[in-house]
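Respectively, the protein sequence lines represent chains A and B.
Going by our numbering, the letters in the first sequence line up with residues 1 to 409, in that order.
Going by our numbering, the letters in the second sequence line up with residues 1001 to 1409, in that order.
Think of the hints as simulated: they come from the structure by calculation, not from any bench.
The beta-carbon is built from N, C-alpha and C at its ideal position, and this holds for glycine as well.
A portion of the hints provided could be inaccurate.
Pairs of lysine-lysine, BS3-like flavour, derived with a Cα cap of 30 Å [said to hold, decoys possible]:
#1 B:1355 x A:72
#2 A:355 x A:372
#3 A:355 x B:1072
#4 B:1355 x A:355
#5 A:97 x B:1355
Coverage of chain A stretches by chain B, computed from C-beta distances (three or more under 8 Å per stretch; other residues unrestricted) [as the list claims (entries may be wrong)]:
#6 83-95
#7 284-294
#8 301-312
#9 318-325
#10 339-345
#11 392-404
Number of protein chains: 2
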Amino acid sequence: MGKALAVSPLAPASFPDLPVIDGVRFSTIAAGVRYQGRTDVMLALLDPGTAVAGAFTRSATRSAPVLDCQEKISGDGAGSGAAILVNSGNSNAFTGKGGVEAVRAIADATAQATGVPQARVFTSSTGVIGEPLPFDRITAKLDALAGTLDAGGISEAAKAIMTTDTFPKGAAAEVSIDGKTVRIAGIAKGSGMIAPDMATMLVYIFTDAKIARSDLQALVSASNETTFNCITVDSDTSTSDTLLVAATGASGVEVTGHDGFADGLHGVMIDLAHQVVRDGEGATKFVEITVTGARTDRDAKTHALSVANSPLVKTAIAGEDANWGRVVMAVGKSGAEADRDLLSIRFGDVLVAEKGWVSPGYSEADAAAHMKGQNLRIAVDIGLGCGAATVWTCDLTHGYIDINADYRS
Amino acid sequence: MGKALAVSPLAPASFPDLPVIDGVRFSTIAAGVRYQGRTDVMLALLDPGTAVAGAFTRSATRSAPVLDCQEKISGDGAGSGAAILVNSGNSNAFTGKGGVEAVRAIADATAQATGVPQARVFTSSTGVIGEPLPFDRITAKLDALAGTLDAGGISEAAKAIMTTDTFPKGAAAEVSIDGKTVRIAGIAKGSGMIAPDMATMLVYIFTDAKIARSDLQALVSASNETTFNCITVDSDTSTSDTLLVAATGASGVEVTGHDGFADGLHGVMIDLAHQVVRDGEGATKFVEITVTGARTDRDAKTHALSVANSPLVKTAIAGEDANWGRVVMAVGKSGAEADRDLLSIRFGDVLVAEKGWVSPGYSEADAAAHMKGQNLRIAVDIGLGCGAATVWTCDLTHGYIDINADYRS
Chain A
1 MGKALAVSPL APASFPDLPV IDGVRFSTIA AGVRYQGRTD VMLALLDPGT
51 AVAGAFTRSA TRSAPVLDCQ EKISGDGAGS GAAILVNSGN SNAFTGKGGV
101 EAVRAIADAT AQATGVPQAR VFTSSTGVIG EPLPFDRITA KLDALAGTLD
151 AGGISEAAKA IMTTDTFPKG AAAEVSIDGK TVRIAGIAKG SGMIAPDMAT
201 MLVYIFTDAK IARSDLQALV SASNETTFNC ITVDSDTSTS DTLLVAATGA
251 SGVEVTGHDG FADGLHGVMI DLAHQVVRDG EGATKFVEIT VTGARTDRDA
301 KTHALSVANS PLVKTAIAGE DANWGRVVMA VGKSGAEADR DLLSIRFGDV
351 LVAEKGWVSP GYSEADAAAH MKGQNLRIAV DIGLGCGAAT VWTCDLTHGY
401 IDINADYRS
Chain B
1001 MGKALAVSPL APASFPDLPV IDGVRFSTIA AGVRYQGRTD VMLALLDPGT
1051 AVAGAFTRSA TRSAPVLDCQ EKISGDGAGS GAAILVNSGN SNAFTGKGGV
1101 EAVRAIADAT AQATGVPQAR VFTSSTGVIG EPLPFDRITA KLDALAGTLD
1151 AGGISEAAKA IMTTDTFPKG AAAEVSIDGK TVRIAGIAKG SGMIAPDMAT
1201 MLVYIFTDAK IARSDLQALV SASNETTFNC ITVDSDTSTS DTLLVAATGA
1251 SGVEVTGHDG FADGLHGVMI DLAHQVVRDG EGATKFVEIT VTGARTDRDA
1301 KTHALSVANS PLVKTAIAGE DANWGRVVMA VGKSGAEADR DLLSIRFGDV
1351 LVAEKGWVSP GYSEADAAAH MKGQNLRIAV DIGLGCGAAT VWTCDLTHGY
1401 IDINADYRS
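In isolation and in its complexed conformation, chain A is listed as follows:
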């Protein structure tokens, strides 16, 4: 795992106090998949009646566990409950036929230990790419995992799934619907897209809401577009990214997409997404990039991601340089429509450029003052239409090079 990394300066002050979600229990164990002296496998067991929805990496070289989850996710088996089994240390990606067999072995063992059918066992693996997953170390621990399930174990689960993360990530929401309370709690891991060979983004969210699987999937897919699909650390996409949302129904409160539940779920997703950026490798600045006035929302997101992924913009931010010229460059290269002479750019509240040139009232000192903060905002108005999008990223620093130019250990 290489040297231990210092906790990100952008980390939250502490791990949040996550509520117990009725209908789900957790256990973790040290199976020695790759790491020593820490937990590296977590099991979440979901009661019968649980609906599970998900979203996955679009990579054409997806890992075996992702492909297995995608096959299972739309199945109707809520009556049987479900299990989520995650290991860190080895991603079981680019492992050929052996990788498929490893997934099957783990899912079979999980089914046997928990009584959940194999078709309802969802697995994820995160860690080094291209090495055979020593799945027997995991299957050997499944009885122990099944025997130590605990409704209060979610914070331990957040730790077991970490790889190069410098802090565990959790978020929660309570939503009141018709005078009753629905609870949502989620955990995530991720710090670079797949770096250094052992990162990826994994997200597990649990709620006691009662919701049809198709409604839950629609909510998850929609919220994913404006949360996890709007963050970028280094523009690289993991072969293993997985988001699973499980609704146990234990609260007895029926929800749809048209009540407060959607906002609560979105809030948990955006909170976790921001925490992943805040743990970005080498990050010292958290940056919100908003594009308005594009021809379409899709164009706005294209522009915003072009700015967020530009190495020149990201290094300027690291240098606390209000370098709006690089923002112009990134908008220009994005491929989406733009007109140089209609662009306006703000750093924080400072209007830097308008109508294609430096704003008459622009003060470099004001913009420089904003850039010295830890939480930055860059806003670009394209001046063509009503399309808008917001994305989040971090700066590109020597820390990123240090972490990623090291030899694998």
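Take the given structure of chain A and dock chain B to it, following the hints.
Then chain B, alone, in the frame of chain A:
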């Protein structure tokens, strides 16, 4: 301009001995646009009968001089000759209406000093973005420039157009056609796409071949796709990139696209393109990435550029790590078709992975030995079809962060 940069370790041993091209003369001068104590303006004057073709940045926020060149390039005015006027230190990009007026003033002054019609004056500006170009410093020098033209001045021209370049760039070819010799000589500047606020790629190539403008344009456009459009330092695209090729016809040798001239021109273009990568900001490794077996050539280029632009691949190369997992990741995220279980990857001559997994005979030591070199090759076979592409890039190092996270000075 900030501190002086050390010459790139990847630089050629010396500037090549460029041949005189009949029909073109050069002059340079120190106009003090931004830099002190060096030349920063160059004039190339082309005799009547010269055909001019070009290629330009696709940025939606193109600079005023680029837009002016694009308007003029397809005009038929070979009978009047042509002039190319380039300044470094200020890119006249994102400078609003004032930028357009600056281009006109420079073109008018060049026309007056040289006798070439304004419609045949092509200008480029490279340097800081978003500051008004002090064009009067340039126009004041035009009579002096016109009075010191020299057929042997091309190497001085290569120096005058430099910004953050650590070495001047030149390349030449001689082609024998029907027993007669055609000469080609070119110069270029560029080191990052627009960094640090003062880079961009400018290329000027001169030949004494006699060729119709439309034929020359077709050759230039085609060769551009496999040369300058196949290099990447940091994935960022300048608002000012300009390639101009001028054929004076002075050799009297008529050429078409179907003789040795096409190869000669391509050779000069690829040589200059490689030199730009070799001067990539912070570069310590020159990397050739070849993709074969894609469904189409276009898919192959998409995969190859995804690998070349991946920060994780580029930092691994900086760390001399034969990290094929990151290559898999970059192929997977590219958006072009791929099948994980058909991929083969080579580092140099070492077969690292095949059919979706580590090659049985793979020796990490052999791959690591290749990675220690200065000139690296990564080859990916997609296993789906016959599409192929080659692109060139450099590694991502602390040097890049140093150069680009500095304050503008």
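Status of the hints after comparison with the structure:
1. B:1355 x A:72: 25 Å, holds
2. A:355 x A:372: 26 Å, holds
3. A:355 x B:1072: 25 Å, holds
4. B:1355 x A:355: Outside the cut-off at roughly 53 Å; violated.
5. A:97 x B:1355: Judged against 30 Å, a Cα distance of about 10 Å means the pair holds.
6. 83-95: holds (count 3)
7. 284-294: violated (count 0)
8. 301-312: holds (count 4)
9. 318-325: holds (count 7)
10. 339-345: Answer holds; 4 residues pass the 8 Å Cβ test.
11. 392-404: Three-residue rule met by the stretch 392-404 of chain A, so holds; n is 6.
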